[in-house]
Structures are given as C-alpha cells and as structure tokens.
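Participant: Residue numbers (our numbering), protein chains in the order written: chain A, 375 to 737; chain B, 1161 to 1444.
No wet-lab data here; the hints were simulated from the structure. Being a predicted model, the structure only gives us computed values, none of them experimental. No residue lacks a Cβ here, since even glycine has one placed at the ideal position from N, Cα and C. A couple of the hints might just be wrong.
[What the hints assert, rightly or not] BS3-like, lysine-lysine: derived pairs with alpha carbons at most 25 Å apart:
#1 B:1280 to A:725
#2 A:701 to B:1269
#3 A:701 to B:1280
#4 A:701 to B:1330
#5 B:1280 to A:730
#6 B:1269 to A:730
#7 B:1221 to A:701
#8 B:1221 to A:684
[Unchecked claim] With the Cβ distance kept under 8 Å, some of the chain B side facing chain A (calculated, not the full set):
#9 1260
#10 1262
#11 1381
[Claimed, not checked] Far from chain B, by Cβ distances over 10 Å, these chain A residues were calculated:
#12 441
#13 444
#14 487
#15 512
#16 645
#17 683
#18 726
#19 730
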Amino acid sequence: MKMQYQKQANIKKKEISEIERLSEGLEDYIVLQDGHIVTKKVSSAFDDLMILTYDEALQSYPALFNELVNVKHPSSDAYQYNFDECNSGLLLYLPKKKRISKPLHIFYVATTEEFTHNTFLYLEQESELNYFEHLFSDAVGSYSYVSNAIVHEAANLTYGALSNLGKDVASYVYRNASVDRYGISKYSLADVGDAIQLMYQTINLNGEYASGTSKTIAITSGVQEARYETLLEHNALYSEGYIEHYGVANNESALIFEGIGQINKGMKQSIARQQNHGIVLGEKARLDANPLLLIDEYDVIASHGAAIGKIDDDELYYLMSRGLTEKAAQRLIINGFLSPVMSLLETDTLKNMFLKRVEEKTL
Amino acid sequence: MVKGGHNMATLKIINLHAEVEGIEILRGVDLEIKGGQTHAIMGPNGTGKSTLASVVMGHPKYTVTEGEILLDGKNVLEMSVDERSRAGLFLGMQAPSEVPGVTNSDFIKTAMNARLEEGKNISLFKFIREYDRAVEDLKMSEDLPHRYLNQGFSGGEKKRNEILQMKMLKPSIAILDEIDSGLDVDALKIVGENVTAMKNKDLGLLLITHYQRLLEYIEADFVHVMMKGKIVKSGDISLMKKIDQDGYDWIKEELGIDDERVFVKEEEQKVMLGTCATKEALDL
Chain A
375 MKMQYQKQAN IKKKEISEIE RLSEGLEDYI VLQDGHIVTK KVSSAFDDLM
425 ILTYDEALQS YPALFNELVN VKHPSSDAYQ YNFDECNSGL LLYLPKKKRI
475 SKPLHIFYVA TTEEFTHNTF LYLEQESELN YFEHLFSDAV GSYSYVSNAI
525 VHEAANLTYG ALSNLGKDVA SYVYRNASVD RYGISKYSLA DVGDAIQLMY
575 QTINLNGEYA SGTSKTIAIT SGVQEARYET LLEHNALYSE GYIEHYGVAN
625 NESALIFEGI GQINKGMKQS IARQQNHGIV LGEKARLDAN PLLLIDEYDV
675 IASHGAAIGK IDDDELYYLM SRGLTEKAAQ RLIINGFLSP VMSLLETDTL
725 KNMFLKRVEE KTL
Chain B
1161 MVKGGHNMAT LKIINLHAEV EGIEILRGVD LEIKGGQTHA IMGPNGTGKS
1211 TLASVVMGHP KYTVTEGEIL LDGKNVLEMS VDERSRAGLF LGMQAPSEVP
1261 GVTNSDFIKT AMNARLEEGK NISLFKFIRE YDRAVEDLKM SEDLPHRYLN
1311 QGFSGGEKKR NEILQMKMLK PSIAILDEID SGLDVDALKI VGENVTAMKN
1361 KDLGLLLITH YQRLLEYIEA DFVHVMMKGK IVKSGDISLM KKIDQDGYDW
1411 IKEELGIDDE RVFVKEEEQK VMLGTCATKE ALDL
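Input sequences plus hints: build the corresponding full structure.
Facilitator: Encoded structure:
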C-alpha cells in the first residue's frame, strides 16, 4: 500500500513538470489536476469570465445546470457514466456582450486511475470566447472527458484541443455544442496521443444562420485503435456546418473517421460540407472514412468527400528531385498535411511538442 | 571547342534503354552535355523526350534496362533521386506536383540546407534576400514564399516557380522539360531571359520542347531530334530553322520512319459519376 502511494507521487511529479514546460510562454492558463485547480495564471483580460469548479458553481448558478441536464446528448453509457460519476467539473460562464479574443488554455491532467471530468462552457448573447484545452495523462487507467457548450445568439466560440494521452489510457472524449441564431462555434481538435481513443463531437445548429465547424486531426501508431465521430445536426433554416477530418495511420494502427452532416426536414438553405483526408503510412495500418450526409430537405447545399491513400509518389519524387532525402520529404509532406492545426498552436513550445509527437508517431 | 575550366560538369548518356510497364520507350539514347553548352531536343509528341528527362532524374516509374548515365564519370543510375539532385542535376518539370501545407520558401530552404553538411543551415538573411530577388526577377507575386507549393498556381506560375527553384539551387546540369508549354508570350520572355541570364561555363542546359519559339529566347548550341525513342538527327541552330520551316516529315522520309512515336497514348477512360448514398441504400 505504501509503495503504491509512493509510485503515484512520482507520476504526479513528472507530469506537473511536463505541464510547467508546456505552459511556458502562455499568458493565460489554468492547470486542473484530478479535479483541483492547481495553477491559475489568468490576466485581467478574463475578468468578465467566471471560472468555477462545479462545487462552487452548483451553489451560485443552479439554473445553468438545468440547461446542462437538458442539453441534447447521446444516449450512450459512456456519456451517462461521465455525468453520474464525474469527479471533476469546470464551468466557464461568459456574460452578455463580453468578448475576449485572447485564448485561455486549460490543462486537464490525470494522475489517478480514473479521471472523469465534465466542462461546461456557457456563452451568453453576443459574447466571444477563445478556449484551448490540453488533455494529458500518463497514468494507467481511464480518462473520461465531456464538454458541453451552449452558444447563445450571435455568440462566438473558438474551441481548440490538443490531446496527448499515454498508451495505457483508455479514453472517452465527447464534445458537444448547441448553437443559437447567428452563433458560431469553431472546433479544431488534434490528437497526438497513444491512447485507445473514442472521440465524439456533435454540434447542434439550433437557430437560423447558426454555423458550426469541426476540424479533427489525428495520428495513430503502434497497435493503437482510435475512432472519431463528428455529427453536425441542422435544426434550423440557413444553418451552416463544416466537417474536416485529417488522419495519418502508421504501423498496425486503425483509425476511423465518421462524419455525419444531418439536415432535418424543412431546414431549407442549409449548407453541409464535409471532407476527409488520410495518409496511410503503415503497411498494415488501416484508415476508414465514412462521410455521411443525412438530408431530409431538397433546398440545401451539401457535399462530402474522402481522399485516403499513401503518400503521393509524385509529391515525394518532386521533393526528392530537389535534393530532400526520402525521410525529409516525407516529414515535410506530413507536416504540411497537418498544418491546419499548427497555426492554432500559439507558442513555439507547443509547436515543438506537436512536431516532436508527430515525428515520433510517424517514424 | 572547349569552354570553361576544370569545374565544368559533363553528363554522358550512353545507349540508354528504358521501359515503363513493360513497354520500351527509350531505345538507345546517346547524348553528351558539357558545362557551358546548351542543347535542345525537339520532336513530335510521344517520341520519348520527356521520358528521357524523367529517367535521368530517376522517376521510379521507369526501369532502365540497358545503358549508362554518367555525371562527371559517376554512375547516376546507382544514385537515388535526391542524390542525383545533390550531385548537381536539376529537372524543371512539365507538370510539377502541388503539395498542400508546405510553403514555397520552407521547401526551397529545406532543399538548400540538404546540400550543406548535416547540422548546418543557410543564413536566413541571405536566403530571404536571394529568394526575394528571384521572385522579382521572375515577376512573381510577392506573397509567393508564403503560398503552398504550386497549390492553385496557374500553369505559367508553376513553370516560373520551377525556374525560381533552379535559380536558388544552382545546378550544374539542368534539364527543362517543356518549360514553354502553357506560357503566354510575356511569361515565355521572362522565363527565357532568366534562363539565359543563368547561362555560364559551369551550367550545362538541356531544353526539351515541341516548338522552336522557346529557342528564340534561349539560344541553343546544339539541336537534336528525337524519334522512336532515340536521337535520330543532331545539328546546330540551322536544324531548328529547317524544322520550323519544313516540319519533321523530311527527317522521317530521310530515315524511312512511318510513325515517329514509340507509344500511342490510350484514350483516357471515362469515369461515370454515380450516387454515393441514398436513403434507400442506407435503409433509413
């Protein structure tokens, strides 16, 4: 018993120093470890944003939680489990017309066997928030993470995520947004971890002219299995939904993208677009993309496509014909392929971490 | 006639045979290009001109079945594509690839660094100055360095970007494969001027073209005609002028060739567009 305790403490120490390193150069960030805020370095730009743990929030904002409970969510056991068992919760509440363009980084660190976290982003009318989450765990165990965002009329949510979960982690991640009239939610999600991963994203476009974008970038390696599902549901006229999936599957890993653009009956003039791009590196690797359009209305604009293959031989030849070694050419092509996420990483530290992980996973 | 000093590179192609998917396209090409010289290979479509360029550069699609390629006595056929480039060969391609996400400047910087000892990098300041000058010389748009490699480029822009890369990489032997196709007169003039300005005793040039108009802008010392996968006639600029006036038929007659082509392009197969998924198929 004592020995085990000792081991836990060691892991803790290692991860915190990693976070300290990664947060280098960031102006505003919070580190939340196993349900507790352990570091909070947030400048006055965020004065209007309420940042509360669920313990605090339940007392001050009970009404909000009614909305949270009523959010349209998947009827999955994993979601329910997170809801019932969450041992860590964070509410970010942004009042009307408060706009914060600086990004706020939150590190969700797990050091225990079981991490079950729930985040709630609440954006009132015409507010604007730029949120970036880092999911991080090297522990042996499960990592359950759910975030729900309510984006009210003409509010604007920019949501970035970088997850790097260790190979001994089984993870369930679900991100949901409900977007009201003229609201915008833009998700950019990158996964460079080694965990067995299930990642879901849904955006419900509930008001006219609501718009949702979801970009996912994932690299699988080793014997990793990962599945990413994105659903954009159009429940209003003139709503716009965009899905983009980028994936690299190496070694013997299996990567699955499932994208669904769903336009319900009567939701005229809506736009649903989807693209999937994949590079299969490993001979035994597998990359599936299922770009679905479920459309129950005629007056819409919709497109979907998937391009999966190995690195283009002609591209490789072209770069090599200028003197780049095969490895250097491959690296350049993969980094280029993943460039949509690079531009989101603010500091050189984060960029380098990302590139290092990409290199490790695509060797 | 010996031009240049002892640095001068020599590319020797000896009895080169190459095939693609079992079809022999090059059937014994002999050619020697020395630093300071400009050669032009002319000829109708499908005679193997572009294949020759690709084989010299090492395109993986082609298999060399016989013959030799030597660069300053070194066996080029044993080198990988990137080694050939670093040894001094350059191919300005007919249809350069588009590489999304990789910027032009990152690409060319990486290529220049690949020529230096490991761990060494070119000075960024020097690079930017040189790159900007090349962009200006080729009258390309200023945002070129930050645009993705050839992505969304017009045909003319792609060709000019090839010449820009050549300027930066300073090869000793450069092959320009139909660099004139898809260029309007103004762009052709710019490309011609820039290539001519690069001419020096250390650069051997091989121009591959259908049309003589390129040779109005870049003067050639030697003109070769390719038919049936080999060089069938060589001469000086007067050969080009005769072809311009009389076409190729007199050469075919002289050599008793009916069909100058080595292969006949198959009609592209048509792809029918169908329905990807319907409600019925998905059982909804």
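Participant: Are the hints correct? Go through all of them and say.
Facilitator: Do the hints match the structure? See the list:
1. B:1280 to A:725: The hint holds at about 22 Å.
2. A:701 to B:1269: holds (16 Å)
3. A:701 to B:1280: Between residue 701 of chain A and residue 1280 of chain B the Cα gap is close to 18 Å, so the pair holds against 25 Å.
4. A:701 to B:1330: Satisfied, since the Cα-Cα distance of roughly 23 Å is no more than 25 Å.
5. B:1280 to A:730: Judged against 25 Å, a Cα distance of about 20 Å means the pair holds.
6. B:1269 to A:730: Distance ~20 Å between residue 1269 of chain B and residue 730 of chain A Cα, so the pair holds.
7. B:1221 to A:701: Holds - the C-alpha atoms of residue 701 of chain A and residue 1221 of chain B are around 19 Å apart, at most 25 Å.
8. B:1221 to A:684: Given pair residue 1221 of chain B, residue 684 of chain A holds - Cα atoms ~16 Å apart, limit 25 Å.
9. 1260: Nearest chain A Cβ about 6 Å off; hint holds.
10. 1262: holds (4 Å)
11. 1381: violated (25 Å)
12. 441: holds (31 Å)
13. 444: holds (27 Å)
14. 487: Given a closest Cβ separation of 39 Å, the condition holds.
15. 512: holds (30 Å)
16. 645: The claim stands: residue 645 of chain A keeps its Cβ more than 10 Å from every Cβ of chain B (closest is about 18 Å).
17. 683: holds (14 Å)
18. 726: holds (16 Å)
19. 730: For residue 730 of chain A, whose nearest Cβ neighbour in chain B is about 18 Å away, the distance exceeds 10 Å, so it holds.
The structure fails to meet hint 11 from the earlier list, while all remaining hints are met.
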